[in-house]
Amino acid sequence: MLCFHVCAGEIFELKAELNSDKKEKKKEAVKKVIASMTVGKDVSALFPDVVNCMQTDNLELKKLVYLYLMNYAKSQPDMAIMAVNTFVKDCEDPNPLIRALAVRTMGCIRVDKITEYLCEPLRKCLKDEDPYVRKTAAVCVAKLHDINAQLVEDQGFLDTLKDLISDSNPMVVANAVAALSEIAESHPNSNLLDLNPQSINKLLTALNECTEWGQIFILDCLANYAPRDDRESQSICERVTPRLSHANSAVVLSAVKVLMKFMEMLPKDLDYYGTLLKKLAPPLVTLLSAEPELQYVALRNINLIVQKRPEILKHEMKVFFVKYNDPIYVKLEKLDIMIRLASQANIAQVLAELKEYATEVDVDFVRKAVRAIGRCAIKVEQSAERCVSTLLDLIQTKVNYVVQEAIVVIKDIFRKYPNKYESVIATLCENLDSLDEPEARAAMIWIVGEYAERIDNADELLESFLEGFHDESTQVQLQLLTAIVKLFLKKPTETQELVQQVLSLATQDSDNPDLRDRGYIYWRLLSTDPVAAKEVVLAEKPLISEETDLIEPTLLEELICHIGTLASVYHKPPSAFVEGSRGVMHKRLPARTGSPDVGTIAGGSGTETAPSIIPSQGDLLGDLLNLDLAPPTTTGPPPPTSGMQMGGMDLLGGGLDSLVGSPMPPRHASGLVPWHSSVDDLCPQVWLPAMKAKGLEISGTFARRAGVIQMELTLTNKAMSVMTDFAIQFNRNSFGLAPAGPLQVLSPLSPNQTIEVSLPLSTVGPVMKMEPLNNLQVAVKNNIDVFYFSCQYPISMLFVEDGKMERQVFLATWKDIPNENESQFQIKDCHLNSDAASNKLQASNIFTIAKRTVEGQDMLYMSIKLSNGIWVLAELRVQTGNPNYTVSTEDGWGTTGGAVDSPSCVYVVCGSCYEV
Amino acid sequence: MIHSLFLVNSSGDIFLEKHWKSVVSRSVCDYFFEAQERASEPENVPPVIPTPHHYLISVLRHRIYFVAVIQSEVPPLFVIEFLHRVVDTFQDYFGVCTEAAIKDNVVVVYELLEEMLDNGFPLATESNILKELIKPPTILRTVVNTITGSTNVGEQLPTGQLSVVPWRRTGVKYTNNEAYFDVVEEIDAIIDKSGSTITAEIQGVIDACVKLTGMPDLTLSFMNPRLLDDVSFHPCVRFKRWEAERILSFIPPDGNFRLLSYHVSSQNLVAIPVYVKHNITFREGSSQGRFELTLGPKQTMGKGVEAVLVNSQLPRGVLNTNLNPSQGTYTFDPVTKLLTWDVGKINPQKLPSLKGSMSLQAGASKPDENPTINIQFKIQQSALSGLKVNRLDMYGEKYKPFKGIKYMTKAGKFQVRT
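These protein sequence lines are chains A and B, in that order. The opening residue of the first sequence carries number 1 in the UniProt record's numbering; numbering runs sequentially from there. The opening residue of the second sequence carries number 1 in the UniProt record's numbering; numbering runs sequentially from there.
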């Protein structure tokens, strides 16, 4: 921070003044020192002289010296000790202002040696008779914790702090909450803020009486509470609602968070629910009349709120209209919200506005406005025609970037409403020459190719692009290739030459593998089977979805719990933040519960607890099977890195889970049962007990059949009423599992009826690493509510059928894998010879590549491929007559560049194949 | 919580820094400077900037960026609100909030910042309390202090700090007891080309200046409280009473404060007080453009429209203008292309107009964008929404105070598209 050096003369002069006898002169000198300090000059050389001025009864001088001390104590720890005595003395001063000042300043001196001396005075101040001192001391605990957390715990300050939550003075309560919240952030599991109905009541009382800042702390703390039932939820909402009329926007937004979260628990038919919805709109609108910085944060949050509950602001479209002198960051956010609120009722107004914006000066804003028109067309079907004509008007302006944006969005409109607006193509073609951005060029080429049969000179148009083929970006090249092939299939006679030209450009003259591959595929298709080519290339395309930019529901729920925070500004979960991640817990909206006897909901403050499928007899099971799985008995060199070891443990955890899930076949069963058939035999586990899901019980299991992963669900209606409208959705998971189709529950489920459904799964969904790796979080919806549960799938579901590696490749890969990726363990008591084992394993898509016999030992080399393309290689050593197998595995993540989590997969594999 | 604060001037120099926890290196501001460079206008710097280890949250006021550094998850609005409070306090203390004023009073600034935050937690932000702790610098006080050797730091615990009414100190004494209220409404509107209203809303505030002895308890009632459905109150207002009776009941802070702010939304009909007739045209192929502007009063409830100021950002292609105002003065800055016309009062009998031609760059194509016209005006003695105070009563004290209510309407963001 020090950019300036103070010249020696100046320091000397100040030194003399500081040591002056005259009080006034001293004070002026200290002021000069502080002034230099504030602009970043180094005046640390004056430390002893300034500290000498500390023992004074002049409060201003004392404060100034304290200011100096706080800044420089760190760099002069030995000197800072000199100040300790004065601090301790000041903590006993009859004037509470001085006591508070002393304890406050001591906490700011971030020197370890001093903290020890701080403990006694702090303990006294926490119990001081004056609330001003107590509230200052509360904050001091947080400071001290930041410097030396252990000390704070050892001294029992945390308990004293917790007691302060019940203090009679609201300011003390607020500061205690603030201090505890800050400490809790670095101790996510410490359960410091143990919220229960009594403490909530105290907080709500303090809420009415403390300062605006205290209200923010208390509201943020309240938001972490999980009310027992809807009645409690409602009563908290009622007491928080007045905060919506506070002048401080941060208070308002924190109150909105509490209400948005707790209203989730209220039944929708309740009158109060409607009242609450109505009350939320005005304060949100008011936030938009504040300073632009406040508006920005408010808008980012409103963006979340309108996605969760569009009904709140549906009549307030106009407040989001852009003023021309709004800062650009406000303009862009407003635009986003306008589209989210667009509906048939207000679309005319919105379009008129957007058209207006498209003539503004700022290029970014204009582009976004044009895109917005396209999004409106896709969102509100009735407006599509009007949107298209607006876009055409804009194209007529001939402003280059407007035209290009318009063409990009018109392409999307064509994909949403095929065969409807093709009449505009002629107008688009007129602007072909002015397009210089790849996205716009690609869009235009797509349009020409798609509608080649209606454009007379389509071949000429495409040919004109072909001239500079190699200068185009990949996006345009690929699009051009496809478009010309389409054209050829539609008008084969005239365009033979053109298609040959583009195919040779793509396959022979290009360095881009994507382009070459696509070129070859087309080439082969066209030369072998033109009819098939037609079916492939001109296949009907799926319509594009209405809202591609909506935030995914589980993330949205989490973000709603974080309204008003940085997470809500970035629309990312707090765990995605670099610094904050250490202390973050995933928050969930509470589920609605009718009666208190259901027990507290696991959501709210904590992580969602999965229904536990891992009974504690895990160890017992291991014994029974006599599988020495955890910890792995390593024969040969132990895994070299500890990280690896950890991975192994995880994996084994995963393996055990699946073991536990299966019925216990007798140990003397005749050899190995192929894993997938054993899965079929698994008794379904109860994933979602009826208690937690208003009478819907879900149990299930997984199977792999004919290369498709199936989720076998058994749904039982244990409630009194009929259930309909079932739907299912998965959270992102480690292997991208996602339902491949809707949940097929065709007829309503009447009470006490059970049905079995088989849900095929795909592995192309979004990926996120889960803990444990094979964890799957599922949401099931029916006409009553949405329920969440999580379950774990056996990893062997993911072994694909084409997992047999070529021998040569296997050999090369095996050698290439670094040793650290290898690990070994033993499987005991498996009475099978190597051939039988190999056959059994093959049935689970674990393929034996080679076999070798060395000194009476059979060595089997095997490969497995996971659905995400990660290869796992294994070596199985079987000694005839010895029931113990040694498995050493290597995984190919080094070579496939695959996920880091693959080491974990390895173990599961080997554990599970010997499961019987 | 708030870790540090940096004050940055418009040329990108840090001229003050304050740390409430450990010292954060100045270099963290480099991320801010980058964003500042990217922004086309000073006000376009995004208010929240992430850096690898910190977040920078800034506000821009009086051409100074107040950049707060935070390290953990802190509600950004909390920080922004606090920064605005800091600026308000500086303005309150020094009259203006400029780089020069802050540099001249650097020690007071430091003392204030130290009082306002402790370990990043707000401590005392009410101006009443701060003024008891640290007296604002005045020329007189500086002289007196020098002579007597007394200080401008209060020796006593501020009395309001912990009472149930933290915003008011005890022992207030005045010889003249007075309570004045200003109802000020700003109208924000967007008017389209054809003169019809796209949006219009009113942001109203009631600012008070209360100098009353002792602990007065005031009630303020309105003729038409139904207008106020979207309000934000000063903490002193008893919310329950308002909910039940639509009466403002409060123990006021001492001195100046904002009693409430309200918002009359576009759902209600808002009267537009002025109209604009305009004809701004550019012809293709000609290096001249026409400019005609006429202003007139509309629904003003018989009150005069004063202090009218028109400005408009003309397209970049406009080289110069040759215009004739029927009244007032006009300027055009050929560099920024900003046209300003100081109209003054609108006389309904003789409407003010500004007519003439604009010269364009020869050969350039006609500008794409249409200029937006920004209008400022004032209407005295009237609140546009029609809000009227019924009566003000005082309880708890014996004396009879002077009471006064003033109404005023101003243009906020009043924009006419052409």
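Keep in mind that a hint or two might mislead.
EDC-like cross-link-like pairs, simulated, lysine to aspartate or glutamate; straight-line CA separation at most 20 Å [to be verified]: (1) A/Lys278 / B/Glu41; (2) A/Lys41 / B/Glu292; (3) B/Lys21 / A/Glu17; (4) B/Lys355 / B/Asp254; (5) A/Lys32 / B/Asp229; (6) A/Lys25 / B/Asp104; (7) A/Lys278 / A/Glu291; (8) B/Lys135 / A/Glu24; (9) B/Lys173 / B/Asp229; (10) A/Lys31 / B/Glu292.
Simulated coverage check for chain B against chain A, where a stretch passes if three residues somewhere in it have a Cβ under 8 Å from a Cβ of chain A [claimed, not checked]: (11) 70-82; (12) 95-101.
Quick caveat, the hints were computed from the structure, so don't treat them as lab data. All values derive from a computational prediction rather than experimental measurement. Beta carbons are placed, not taken as given, at the ideal position from N, Cα and C, and that holds for glycine.
Hint by hint, here is what the structure shows:
no., hint, in the structure
1, A/Lys278 / B/Glu41, "violated, 38 Å"
2, A/Lys41 / B/Glu292, "violated, 57 Å"
3, B/Lys21 / A/Glu17, "violated, 30 Å"
4, B/Lys355 / B/Asp254, "violated, 51 Å"
5, A/Lys32 / B/Asp229, "violated, 52 Å"
6, A/Lys25 / B/Asp104, "holds, 19 Å"
7, A/Lys278 / A/Glu291, "violated, 24 Å"
8, B/Lys135 / A/Glu24, "holds, 18 Å"
9, B/Lys173 / B/Asp229, "violated, 36 Å"
10, A/Lys31 / B/Glu292, "violated, 59 Å"
11, 70-82, "holds (count 11)"
12, 95-101, "violated (count 0)"
Violated hints, in rising order: 1, 2, 3, 4, 5, 7, 9, 10, 12; the structure is consistent with all others.
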